[in-house]
Amino acid sequence: MSDTKDQTFILAGKPTIRMGLGLMGLTAGLDEPLPDEQAFTVIKTSLDADANLLNTALFYGSEEDPLSNLKLLGRFFETYPKYKDKAIVSVKGGMIGKFSGSGVGLLCDSYEYLKNEILIAKDLLKGKEIDIFAPARLPDDRPLEETINNLIELQKEGLFKTIGLSEVSYKTIEKINNLTNGEKISSNEIEISLQTLNDSEILKTIKICEKLNIKIIGYSPFGHGFLSGKITKNLNEIGKKDWRNFLPRLSNENFNKNLNLLNEIKNLSKKNNKSIVELILGSILNFNKIIIPLPGTINFQKVSQNVNVTKIILSDEEMKEILEIIERNPVFGNRYPDVGMGLVVSC
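Residue 274 in UniProt numbering sits at position 274 of the sequence shown; the count goes up by one each step and never skips.
Simulated from the structure, these hints should not be mistaken for lab results. Given the structure is predicted, the values throughout are model-derived calculations rather than measurements. Fair warning: there could be bad hints in the mix.
As the list claims (entries may be wrong) - Calculated pairs, DSSO-like style, for lysine-lysine (alpha carbon to alpha carbon, straight line, at most 30 Å): (1) Lys-289 / Lys-271; (2) Lys-271 / Lys-311; (3) Lys-156 / Lys-207; (4) Lys-161 / Lys-289; (5) Lys-175 / Lys-14; (6) Lys-230 / Lys-161; (7) Lys-211 / Lys-126; (8) Lys-161 / Lys-211; (9) Lys-211 / Lys-271; (10) Lys-82 / Lys-302; (11) Lys-289 / Lys-84; (12) Lys-84 / Lys-115; (13) Lys-184 / Lys-126.
Produce the complete structure using the sequences and hints provided.
Structure, rendered in structure tokens:
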């Protein structure tokens with residue numbers, strides 16, 4: 001477990017508190033585009049609170065424009081150039097087209113494709129350095145050595161600062177560590193929530209990342225919004241364009257079964273006079289000091305709520321209760337549809 005002194009760390013050579021901001025929801029899956037002013041306020045609120053990690057991708061855009069997320073971030077840095085040095089921008093690539101509900105699209109990690117993507121991203125970011133570049137998934141039709149060598153070569157060319165990974169299992173991380181010839185892997189982005197902390201593969205991956213001092217960027221800490229308690233009945237409560245409509249854990253078959261865990265967290269929240277946000281993010285922060293939670297939101301006030309959790313330390317008894325809740329409430333349904341499960345960390 002961690003304490004207050006562990007709530008900041010260095011990521012890609014820069015300081016940040018242990019809370020990031022996922023930018024995907026600012027452009028993807030929306031029925032109507034978000035005004036720049038609203039999106040900028042969300043980003044600015046995070047950076048002003050020293051939550052400096054901004055997570056984007058070349059495929060986080062709208063159906064019409066997969067690059068719209070990067071374009072939005074570029075417009076932010078044009079409007080607020082003083083944040084360029086402070087922000088830690090993590091960019092994922094290696095996926096052709098836009099993000100899909102399967103959790104994966106067509107993959108390409110060739111040197112030429114990745115270099116072209118990185119050059120596009122650098123141009124769209126308007127002079128902001130790419131602090132972390134990560135392939136969204138490691139393709140299974142290309143030798144691991146080739147993908148890693150491509151990333152090392154592109155890093156040496158000065159196209160980005162550090163190499164990141166995404167959804168890479170403990171077995172593969174050990175192989176990669178033996179291939180990098182001393183080049184540092186800065187991070188591994190995997191889903192960390194109360195729905196994944198009982199997954200033995202994820203637990204083993206956290207352990208090997210801790211051993212190698214690879215930070216875990218823990219995306220979807222609220223279980224793609226399910227654990228926030230905002231989706232109370234079924235997926236009819238989210239937009240028709242929302243990619244979460246494809247997630248097995250939110251299907252009609254599994255939705256009500258998975259409410260048990262959430263309901264127990266709600267009861268604990270009332271008993272201990274702590275919000276659901278404090279219990280969920282607080283337990284992730286306390287679980288292991290290498291994890292930086294990556295919630296996403298379109299509401300700047302929620303950014304402030306998330307950031308404030310870094311100032312709260314759960315008691316040993318609270319952590320014990322939360323871990324017991326996780327243990328007695330198995331999760332129903334895979335994290336992604338079958339087509340995407342072969343490329344993520346999971347049992």
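Which hint numbers doesn't this structure obey?
-> 6, 7, 9
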